[in-house]
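Trainee: These are the residues of each chain, in order.
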Amino acid sequence: MTSPIETEGSGASAVVSGALPPEPGTQAVELAGRSPGRLMWLRFRRDRTGVICAVVVIGYFVVALLAPLLAKLPGTDPYTLYGQDPTYADHPVLDEFGLPLGYLGGVSGEHWFGVEPQYGRDLFAMLLYGMRTSLYMALGITLLLMLTGVVIGLIGGYFGGRTDYWIGRGTDFFLSFPQQLFFIAFMPVVTSFFVDPREETPTYFRAAAMLIVLWLLGWMGMARLVRSTVLSLREREFVEAARVSGASPWRIVRKEILPNVVTPILVQFTYQLPNTILSIAFLSFAGVGFVEPTPDWGRLFAAGARYAEQDPAFMFFPGVALVIFVLCFNLLGDSVRDAFDPKSGR
Amino acid sequence: MVQFILRRTVGAFVTLFLIGAATFFLFVAAPSDYASLACGKDCSPQRLADIREALGLDLPLAQQFWDFMSGIVTGRDFPAGHCSAPCLGVSFYSGDMVWSTIMDRFPLTLTLTAGGAVVFLLVGIGAGMIAAYRRGTLVDKVATGASMVLSSFQIYFLGPVVLTILVYSTGWMEDPKYVPLTRDPVGWFVGMSIPVCVLATIFTAQYTRMARSSMIEQLAEDHVRTARAKGMSRRYVFLRYAWRGSLIPIVTILGIDVSSMLGGAVVTELTFSLQGIGRLAVDGAVNKDLPLTMGVMLFGAFFILLINILTDITYAWIDPRIRLS
Chain R
1124 MTSPIETEGS GASAVVSGAL PPEPGTQAVE LAGRSPGRLM WLRFRRDRTG VICAVVVIGY
1184 FVVALLAPLL AKLPGTDPYT LYGQDPTYAD HPVLDEFGLP LGYLGGVSGE HWFGVEPQYG
1244 RDLFAMLLYG MRTSLYMALG ITLLLMLTGV VIGLIGGYFG GRTDYWIGRG TDFFLSFPQQ
1304 LFFIAFMPVV TSFFVDPREE TPTYFRAAAM LIVLWLLGWM GMARLVRSTV LSLREREFVE
1364 AARVSGASPW RIVRKEILPN VVTPILVQFT YQLPNTILSI AFLSFAGVGF VEPTPDWGRL
1424 FAAGARYAEQ DPAFMFFPGV ALVIFVLCFN LLGDSVRDAF DPKSGR
Chain X
1404 MVQFILRRTV GAFVTLFLIG AATFFLFVAA PSDYASLACG KDCSPQRLAD IREALGLDLP
1464 LAQQFWDFMS GIVTGRDFPA GHCSAPCLGV SFYSGDMVWS TIMDRFPLTL TLTAGGAVVF
1524 LLVGIGAGMI AAYRRGTLVD KVATGASMVL SSFQIYFLGP VVLTILVYST GWMEDPKYVP
1584 LTRDPVGWFV GMSIPVCVLA TIFTAQYTRM ARSSMIEQLA EDHVRTARAK GMSRRYVFLR
1644 YAWRGSLIPI VTILGIDVSS MLGGAVVTEL TFSLQGIGRL AVDGAVNKDL PLTMGVMLFG
1704 AFFILLINIL TDITYAWIDP RIRLS
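Line order of the protein sequences matches chains R and X.
The first sequence: position 238 = 1361 (the numbering used here), numbered continuously.
The second sequence: position 19 = 1422 (the numbering used here), numbered continuously.
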């Protein structure tokens, strides 16, 4: 491992490629440029799969961010019921059974990915807006999870002894919750902290409830990882040296230990983010997350499962988009890990 | 060994108690309860109080919690009748015994979880081993690539796709449904084969990757190389020496994965509209049904902890070094 001071010093100035837009999704890639990471960056750049996947992942975040603009291209929005609204009566998109006219779920010049059966909402716009909801919410939740995990792991690993023991027991306790059952059972409960369940729940409160539920049961992996890394770092010579030269615990954590945990944190981040996205999608799929008419990726799957018998094409675009996204993110995670630690061959 | 099992069991009961407490207090801390939900919008305070009394919600919280937890061990008496030993109370919403409701639904979830585990362990580990054995060949590349792609699929996407192909458009199979194994083994197998395979597909992919890398690591170990150097055949070394060692990380991960397997079963139930534990959790939450939610959470946690202990025992059996520590 390289000198931690060197790592820390160049941390801020390490945004590598000016050409890429400063998207949050690129963080993994940009931070890969941190020194001692000029080398890592070079290694990463040689990995063709990694670069392609990074571009795809960034592309998803850009597309999601630009959702309103992109939906303007065909001139649609995710809320209009093109099948029922009399304004669009001269452009019928649904037949008398409520199924889309035309091929592949009603793909046309106006509705690029087809329309939703029954309502006739535009799938292209719904998917873009849904991706925006899912991706940026997942990004926020993941950052919060990582932060919590890092802090708890640092405390446990650095102080050790009794503190570590109890933090460890607490982590085990949270790990033994049946996660998905907990998500399903507590989403309505947590939501009812914000509003009376008999009233309409605003979308922001639903998002907040999801954040709380996912946050509560999501930080443990990170905490364990950071704890074990810190535990071994604590005994290293440079930490010892800092201690005898009179550095305060806070300074040791900040200047000596943290820079050395950045690598595992980043690698974990690239695995955690797609997981969070899938968890959010799961909540909406189970019917306890976002509800009508909020466009959300997971909700499209719930609708898709409902329409699968009559209109299987509806599921196609959201599903393929999700598979490509998760696949690229997983490959990107592997590439980032390889770039940081070339010894860990696949 | 006995001490090890004993210690784990005590720990599991403490955890269960804490999970019960967390579930209970989080649930009752929510401002609205079942009574006001059952009472409706124009609810007179008198009627609300009546409902609360009938459900036992007027008792102090600690009392309610204690009644619930002690009822699991000793059983309880309700106006509806006696509820014997593992008593999880009576559902507010349906008035049924929670324990018997769970027992009614659990075989389905167990079929999904256990059936899925059998399929993905056999196929996943098998494919991973073959890929490792023929490392670098076309077989290996296909197995690695396919597992990478398949592990990116989601149950709620793959499920409808498989249904569309096998059921809706071709009619080769019937809609998945659950028939108890004891009543009709063939119907049970046919009815559950699609959900089990869809659930297993996602996990198979992960386990293929894991088994492959674990096996490759094992093959690089000194004792394996020594055995090869002694002149033992590759196949013999592979099956006798490397195989056992490569299982250790897989069993570890399997133990950690029980929770996500149960979660996967829940998603599968919702995807195929099957009436299992996951559906019960949804019902309990939507109807603000405290006993049902408590029961499902505790049962789920119990299941996970039980399998975890079993995994640890298996682990100690595979690797004797664990027992000593």
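Think of the hints as simulated: they come from the structure by calculation, not from any bench.
Don't take each hint at face value.
[Stated by the list, open to error] With beta-carbon atoms standing in for the labels, derived distance ranges:
hint, chain 1, residue 1, chain 2, residue 2, range
1, R, Tyr-1259, X, Ile-1408, 17 to 25 Å
2, X, Met-1404, R, Leu-1354, 22 to 30 Å
3, X, Arg-1586, R, Tyr-1288, 44 to 52 Å
4, X, His-1485, R, Leu-1267, 29 to 37 Å
5, X, Arg-1537, R, Glu-1432, 40 to 48 Å
6, R, Glu-1358, X, Ile-1408, 27 to 35 Å
7, R, Phe-1296, X, Asp-1470, 20 to 28 Å
8, X, Leu-1513, R, Ser-1368, 26 to 34 Å
9, X, Arg-1537, R, Leu-1354, 35 to 43 Å
10, X, Ala-1549, R, Leu-1189, 39 to 47 Å
11, R, Gly-1293, X, Leu-1584, 38 to 46 Å
As the structure is a computational prediction, the values presented were derived from the model and not from experiment.
For every residue, glycine included, the Cβ atom is placed at its ideal position computed from N, Cα and C.
Trainee: Hint by hint, where does the structure go against what was stated? Just the numbers, ascending.
Mentor: 1, 4, 8, 10
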